[in-house]
Amino acid sequence: MAADIKLDKERSVIEFAGFSFLLIDALDSLDVENVQYHSAVIIEGNDTDFIRQIVRRIRGHNSPDIYLKPVFLLKGTNLVDPMVNKLIDGTLFSLDQIELIVPEVERILTKTQDLHFTNSISFEAQMIEKVICFMYTCEIRDLDPIPYIYSAVNFAYPILSVNFRQKDEHLTLDILEIAEQEGLFNSTYVDRIYLCPGCQSGHMSYREVCPKCGSSNSTTEDIIHHFPCAYVGPLSDFTNEIDDQLDCPKCNKRLRHIGVDYDKPSVLHECKACDHKFQDFNVKAKCLNCSQDNLVEQLKSREIRKYSLTKKGELAAINGFVSTSKDIEEIIGTVKFDTFVTMLKYEIERLKQTDGVSNICAIHLSNPSQIYSKMGSEVQKVLLKDLVKVIRSNIRTSDIISFQSSSTIILSMNEIPTRIAKRILSEIIEMLKRLIATTFKDIEVEFEYEVIKLDHKLSPQLHIQKLTKAFS
Amino acid sequence: MFEELIDNYIRFLQSLTVEHFIRLFWFYIFFEFLRYFVLEFLVLNLWKLSKFFNRKKYARAKKDFMFEYPLVSIIIPGKNEGKHLYKLITSLNEQTYKNTEVIVVDDGSDDDTPVIGRDLEKAGMIDKFIRNEVRGGKASGANTALRFTKGKYIVHLDADCSYDRDAIEKIIIPFYMDKDVAGVGGNVMVRNYDDSLVTSLQAIEYYDTISIGRVVTSHLGIYRIISGAFGAFRADALEQVKGWDIGPGLDGDITVKLRKLGYKIKFEQEAVCLTSVPNTFKKLTHQRLRWDKSLIRFRVRKHKDVLVPNQAFNFLNFFAFMENITYNLVLNFKWYIYLLDMVANYPSQLVNIIITNILLYTGTNFIKFVIYSLYRARANASYTYFLIYIPCMVFYFGYYLRVVRTIAYFQEFFFKRSYKDPWNPEKTSAHAQRMKL
Chain W
313 MAADIKLDKE RSVIEFAGFS FLLIDALDSL DVENVQYHSA VIIEGNDTDF IRQIVRRIRG
373 HNSPDIYLKP VFLLKGTNLV DPMVNKLIDG TLFSLDQIEL IVPEVERILT KTQDLHFTNS
433 ISFEAQMIEK VICFMYTCEI RDLDPIPYIY SAVNFAYPIL SVNFRQKDEH LTLDILEIAE
493 QEGLFNSTYV DRIYLCPGCQ SGHMSYREVC PKCGSSNSTT EDIIHHFPCA YVGPLSDFTN
553 EIDDQLDCPK CNKRLRHIGV DYDKPSVLHE CKACDHKFQD FNVKAKCLNC SQDNLVEQLK
613 SREIRKYSLT KKGELAAING FVSTSKDIEE IIGTVKFDTF VTMLKYEIER LKQTDGVSNI
673 CAIHLSNPSQ IYSKMGSEVQ KVLLKDLVKV IRSNIRTSDI ISFQSSSTII LSMNEIPTRI
733 AKRILSEIIE MLKRLIATTF KDIEVEFEYE VIKLDHKLSP QLHIQKLTKA FS
Chain V
43 MFEELIDNYI RFLQSLTVEH FIRLFWFYIF FEFLRYFVLE FLVLNLWKLS KFFNRKKYAR
103 AKKDFMFEYP LVSIIIPGKN EGKHLYKLIT SLNEQTYKNT EVIVVDDGSD DDTPVIGRDL
163 EKAGMIDKFI RNEVRGGKAS GANTALRFTK GKYIVHLDAD CSYDRDAIEK IIIPFYMDKD
223 VAGVGGNVMV RNYDDSLVTS LQAIEYYDTI SIGRVVTSHL GIYRIISGAF GAFRADALEQ
283 VKGWDIGPGL DGDITVKLRK LGYKIKFEQE AVCLTSVPNT FKKLTHQRLR WDKSLIRFRV
343 RKHKDVLVPN QAFNFLNFFA FMENITYNLV LNFKWYIYLL DMVANYPSQL VNIIITNILL
403 YTGTNFIKFV IYSLYRARAN ASYTYFLIYI PCMVFYFGYY LRVVRTIAYF QEFFFKRSYK
463 DPWNPEKTSA HAQRMKL
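Taken in order, these protein sequences are the chains called W and V.
My numbering runs 312 ahead of the 1-based position in the first sequence.
My numbering runs 42 ahead of the 1-based position in the second sequence.
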């Protein structure tokens with residue numbers, strides 16, 4: 313062992329080059345919370361199950377101080393678990409090699425410092441944030457699905473799947489779909505899986521069964537067509553008890569040569585359970601998790617896709633990802649952003665015919681990361697609901713409110729002079745500040761706002777761009 | 043020229059005496075008029091009377107049938123018939139008699155038939171779809187279907203047909219009228235009668251010659267072909283004859299096989315099926331060559347034992363065969379003798395004889411068409427539609443079909459061409475020829 317490596321056997325800690333490495337060699341003594349006090353983790357062991365469990369507990373933790381920590385393996389043989397391989401940052405074959413991993417530890421810790429963690433509104437947002445932060449620190453561009461025997465859906469996205477119990481693993485697909493809709497990922501098709509409609513498990517036993525009773529207990533016999541007399545029947549019709557020859561039961565002639573005087577145009581299956589004779593099996597998939605027997609047509613088909621982090625995804629990792637569009641769409645009193653854009657388009661069209669003045673306004677939280685990082689998801693939802701409630705009570709019912717993002721609220725103020733719209737908006741901002749000061753005492757919120765008059769020569773998209781330009 | 047022809051013809055008619063008339067038109071008088079009008083008309087009236095007197099028996103048979111409510115297996119073998127299946131199955135699902143099972147056999151189709159068949163099976167519109175990957179011919183297809191049937195009665199259908207709502211019910215009732223009946227033929231009508239001249243002519247032929255002809259032969263007990271398009275059989279009788287033998291002409295063959303076992307065969311005029319007939323003379327010629335060859339192959343060769351007095355001799359079967367052979371085969375050639383007779387003995391009168399023959403046949407056809415409308419079950423078109431086509435029937439029957447029949451007989455007599463017919467796979471036809479089947 314190199315002279316400058318200090319091993320504290322009692323604490324299982326290695327000090328080297330200014331970094332503290334937590335050495336884990338047993339599951340019983342592991343306190344996963346302890347990981348956050350060290351620069352990296354080294355897992356020592358050759359038992360795949362043991363290593364898998366340790367890695368799952370670290371990467372599956374909720375705290376970025378734990379799940380983003382560099383993790384290395386110290387072992388004598390190559391590990392074959394593909395999921396674990398994707399979740400670790402490197403392998404050591406002896407502690408003497410520790411200096412080789414130092415640059416990697418340094419890089420990951422530096423990248424981690426770039427990140428600004430927020431408390432996401434929903435579980436989905438929380439998981440998305442975790443995935444993109446991990447990908448950012450590990451400098452991974454693509455989230456590849458790996459075929460994995462321990463996965464309930466047969467494919468695992470390691471950093472995401474590790475957060476779920478087997479029975480909930482199908483949720484990883486929903487979460488990645490949401491992340492793609494938010495523009496954080498691009499995806500390409502990889503494969504298709506079929507899940508049990510009852511429990512969403514992908515572990516199935518596929519069997520050919522009787523179309524009448526569903527039993528898989530059947531026998532198969534060739535059907536023989538005797539050319540000279542056109543008799544058609546199963547092989548057993550032609551066999552006799554004396555020898556191995558085949559004789560036609562219709563014309564008593566001996567079958568001589570396949571293709572010359574007879575052929576076998578098809579097969580006949582007979583169910584041993586119900587005696588039903590048939591040609592085509594039904595294919596059924598028995599779920600190995602919940603035992604439900606499904607026709608293959610009933611299985612739920614899902615696409616397995618490979619996801620690549622976009623620039624927006626990278627920025628979301630750095631700035632924190634608070635909520636998905638779905639989260640904010642659920643807030644009562646608002647319309648979907650797409651709906652808002654459509655209605656804006658109609659308003660612009662209407663203005664071409666009239667002399668009226670209409671406006672759109674935006675209210676922007678200038679420091680969302682600071683705010684959301686101090687709040688739990690429920691409190692965040694309460695904050696957004698309160699903001700909407702105040703705005704709604706100060707504008708007319710015909711005006712509409714929408715979230716462009718979790719930090720930007722857009723509203724319409726139609727048939728009202730811009731000057732008055734600005735005054736109303738500034739009053740709303742004051743009321744919002746007072747609300748937050750009384751309700752959330754420790755939080756300081758900064759607002760920016762903007763009002764623009766609708767110009768019938770511009771498109772809705774240009775209006776929105778103009779409106780939110782100052783905020784970005 | 044035309045006036046001269048008319049004058050000449052009027053003089054010819056004025057000079058005709060009864061003896062002269064009989065001498066010149068013996069073929070029409072003794073064979074055509076007597077057999078195809080007088081005798082037919084007489085039997086039709088007897089049939090009508092018997093129908094009237096048996097109406098209670100018929101009602102009882104219907105009641106017995108409905109009381110027993112047996113399973114009827116409908117089998118539809120065919121190759122590349124997928125496109126017709128939906129229409130056919132729809133007409134079957136509309137049937138008044140519901141206790142049926144429908145089995146479709148795909149005899150090695152190379153189109154979408156397997157996909158369509160499996161879809162219909164999955165949708166529950168048919169009970170079973172069976173596919174033979176290798177084509178074996180119509181008989182093997184029907185026998186494959188037979189293997190899967192569970193019904194007391196088997197109804198054999200062609201996929202390109204559709205059926206009256208009560209067709210299945212009507213075709214089964216005759217089995218309850220007489221326990222010796224083992225097969226019942228349905229009444230086939232032309233669906234595409236207005237497609238072309240050739241389909242209109244065939245529609246008249248199906249109305250008058252085929253349908254009425256079968257009523258007559260059925261009543262006389264000599265009905266000999268249960269149409270493959272619509273025929274019903276007792277399952278136990280089919281089991282006895284071990285199903286169908288190799289075609290072409292397998293529908294006539296199985297009827298003979300059943301008759302030879304002593305069973306009765308009936309025609310049910312009210313069990314109506316609509317079929318699409320060939321719409322060009324070329325296609326019709328191919329069809330009729332195939333049909334006509336089977337007379338030689340099955341009546342004259344395969345089942346010639348019917349004509350031999352032995353232990354299994356049956357007078358009705360003998361009579362049915364003789365009637366068939368006489369009127370289709372012998373008289374076909376006798377007509378040429380008549381023609382030679384006229385050419386040799388009355389060359390100067392030949393034009394007048396031909397004109398008179400045409401007028402006689404056309405007049406008879408008109409009268410038959412009008413009078414027979416009283417005896418038809420129903421028509422699928424207005425009778426008046428066909429009246430303008432009646433004058434063409436003399437050329438259709440008298441010349442076109444006669445020539446086709448003659449060619450068919452020659453081909454089969456001297457060259458056994460039915461064994462080369464692509465309608466049947468060569469592998470089976472070769473065996474049938476070797477074994478003289």
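Quick caveat, the hints were computed from the structure, so don't treat them as lab data.
Incorrect hints may appear among the rest.
In silico lysine-lysine, DSBU-like type, Cα no more than 30 Å apart, as pairs [what the hints assert, rightly or not]:
hint : chain 1 : residue 1 : chain 2 : residue 2
1    : V       : K90       : W       : K565
2    : V       : K458      : V       : K469
3    : W       : K565      : V       : K346
Hints, one by one, checked against the model:
1. K90/V x K565/W: Violated, at roughly 48 Å.
2. K458/V x K469/V: 16 Å, holds
3. K565/W x K346/V: 22 Å, holds
Hint 1 alone, counting from the list given before, is not met by this structure.
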